[in-house]
Amino acid sequence: MNIKWLFSVFVCVVLVGVVPVVMASSGPTEVLKPKLNASMAVLSDPSLAGNEQKDVRRAKFMDIAMQVFNFKEMSKRVLGQTWRKIDPLEREHFTRLFTKLLENAYLGKLEEYSGQTIVYKDERVKGKKAAVSTVIYDENTFLPVNYVMLNTDTGWRVYDINIEGVSLIRNYREQFKSILRKKKFDGLVKIIEEKNSSFDVEEFR
Amino acid sequence: MRTFISIKHAFVFLMILSLFLCAGCAQQKSAALDQDTGMEKQGDEMDMLLSDDFFDEEFGVEEFCCDPLEPMNRVFFEFNDKLYYWVLDPLNIAYTAVLPFDIRYVIGNFFHNIAAPIRFINNVLQGKISDAGVVLSRFLINSTIGVYGLTDPALIEFGLEPKLEDFGQTLGYWGVGEGVYLCLPIIGPSNIRDTVGFVADVYTHPMGYIIDDTLQSFGYYSLSRVNMLSLNPDVYEDLKKYSLDPYVSMRQVYLDYRRNMIEDNTIEQRSDNQL
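Line order of the protein sequences matches chains C and X. Residue numbering for the first sequence follows the working numbering, starting at 1 and increasing by one per position. Residue numbering for the second sequence follows the working numbering, starting at 1 and increasing by one per position.
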């Protein structure tokens, strides 16, 4: 009788103690899902549609993107060894440039789409890293997209996107490696700056 | 007749020679992989994403890429680029203008369906007997109910997903390395293993036995390529737009994509296909 009572007290304590902990630590999918939904909502928001609203829309989108993507980690991984050779100012400058490059490259593409549904298929956590696999369904096609995430003091953030084995960061990394070999860091910065301004010219037309 | 045999012999010799070249590269790669993953065994695709430490320079792991022919490859890349903008793209614009999306989609289904023997043979060669069964069922259903493979009721009604295999993947499955990266004129990105695979696939493609004429075969190949392009018009232009070095970007996409196609099918990961 006594043992039984003790046991039920123990269970209550454990339950009360554990539940808040479980609620507090949100997993990678729980972080990713609302943010992706919010960003898609910005793109399909009719009040933000049209070319005149482009800057507002993009600013809102990037606001959300900053909360879900770890652009600094991406920049670090994309540069590899070179990241350690450059000083903090250069790192910051590069992170800004690379973020802008990704924004230019993929936001324009994303804006072409609307009304897809994202299905979350699987989640795998291993230490500080996690992979979340999703499938994007469009009208007559589908695309499996895997997000690779890292847990830092700011929570789970995406640092790579992998589509059918093709890694976004590895792709840029290989390109940068080939440029760095010939033109060093300053040359790379110049090339990215040129690329970014080429998007501005295109938009201006 | 005699010349024909000697050409055939030379061809077989070349294939064997290139396989040996691949083996050399394979050894280097597996050494790098052992270093990379250490003791732990690789799991499925999701686990591979997490064990992918290509960025952690502390381990000294450099992603292996065998591209000693880069100068030549870049020339062919430029050639293909010109081919795209001067020939393929205008052709595609005309083609898209004449045929609506639905028709082009149906034609794409037809091209896919008729190449089923390649997928069947290569599933069998990799010991994936249940997948080979799926390929066979898909072919039979789509060729009959699907009207000569024009539509895909096997997927829509029966939920049978395509099992894409080719001879390059079969070689990779049995441990043949990629060999040197190649950017081939007209055909595009490849490597020695997949080039050998491509040639073998040409021989197992049923169209090769239906049409005898080289010019007609080339016409068939061109039409399938233009049709495929018309269904995915932005792929190449996006790649050029988003990358700082399109040649390197395309090379990496190709290598990643092929490795993924081969690796998600290795023996340990697929218990459903054991004999």
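Just so you know, not all the hints are guaranteed correct.
Said to hold, decoys possible - Restricting the straight-line Cα-Cα distance to at most 27 Å, the calculated cross-link-like pairs of lysine-lysine (DSS-like) are:
1) K241(X) to K195(C)
2) K76(C) to K35(C)
3) K54(C) to K241(X)
4) K190(C) to K163(X)
5) K240(X) to K54(C)
6) K177(C) to K241(X)
To be verified - Label pairs and their computed distance ranges (CB to CB):
7) G127(X) to Q53(C): 22 to 30 Å
8) Y209(X) to D63(C): 30 to 38 Å
9) V87(X) to S197(C): 30 to 38 Å
10) T96(X) to D45(C): 44 to 52 Å
11) E161(X) to R96(C): 36 to 44 Å
12) A97(X) to E112(C): 46 to 54 Å
13) T141(C) to P185(X): 49 to 57 Å
Said to hold, decoys possible - Far from chain C by the CB rule (all over 12 Å, computed), these chain X residues:
14) I93
15) F101
16) F110
17) P117
18) F218
19) S222
20) V226
21) S230
22) L231
Hints were generated in silico from the structure; no laboratory data involved. Backbone N, C-alpha and C define an ideal beta-carbon position, used for all residues, glycine too.
A quick look at each hint next to the structure:
Note on K241(X) and K195(C): the hinted pairing holds, with a Cα-Cα distance of about 9 Å set against a maximum of 27 Å. Simply put, K76(C) and K35(C) have alpha-carbon atoms about 23 Å apart, close enough for the 27 Å limit, and the pair holds. Straight-line distance between C-alpha atoms of K54(C) and K241(X) comes to about 20 Å, which keeps the hinted pair within the 27 Å bound. Distance check on the hinted pair: K190(C) and K163(X) sit about 44 Å apart at the alpha-carbon level, beyond 27 Å; violated.
With a C-alpha separation of about 23 Å, the suggested pair K240(X) and K54(C) falls inside the 27 Å cut-off, and the hint holds. Restraint check for K177(C) and K241(X): satisfied, since their Cα atoms lie roughly 19 Å apart, inside the 27 Å limit. Distance hint for G127(X) and Q53(C): a CB-CB separation of about 56 Å, inconsistent with the stated range 22 to 30 Å. For Y209(X) and D63(C), the Cβ-Cβ distance of about 59 Å falls outside the hinted range of 30 to 38 Å, so the restraint is violated.
The supplied range of 30 to 38 Å is met by V87(X) and S197(C), whose beta-carbon atoms lie about 31 Å from each other. Checked against the hint of 44 to 52 Å, the C-beta distance between T96(X) and D45(C) comes to roughly 31 Å, which is inconsistent with it. Roughly 43 Å separates the CB atoms of E161(X) and R96(C), a value that falls within the hinted 36 to 44 Å. One distance hint, 46 to 54 Å for the beta-carbon pair A97(X) and E112(C), is violated here, with the actual separation near 20 Å.
Look at T141(C) against P185(X): about 30 Å separates their beta carbons, and that is not inside 49 to 57 Å. Distance check on I93(X): its Cβ is at least 19 Å (rounded) from any Cβ of chain C, clearing the 12 Å threshold; non-interface status holds. Look at F101(X): its CB is around 9 Å from the nearest CB on chain C, not clear of 12 Å, so calling it non-interface is violated. Distance to chain C confirms F110(X) as a non-interface residue, since its nearest Cβ pair spans about 17 Å, more than 12 Å.
Every Cβ of chain C is farther than 12 Å from the Cβ of P117(X); the closest lies at roughly 24 Å, confirming the non-interface assignment. No Cβ of chain C approaches the Cβ of F218(X) within 12 Å, the least distance being about 29 Å, so the stated non-interface status holds. Non-interface status of S222(X) relative to chain C is upheld: no Cβ of that chain comes within 12 Å, the nearest being about 24 Å off. Its beta-carbon lying about 19 Å from the closest one in chain C, V226(X) satisfies the requirement of being farther than 12 Å from that chain.
Every CB of chain C lies more than 12 Å from the CB of S230(X), the least distance being 14 Å, so the non-interface label holds. For L231(X), the requirement that its beta carbon stay farther than 12 Å from each beta carbon of chain C is not met, with the minimum near 9 Å.
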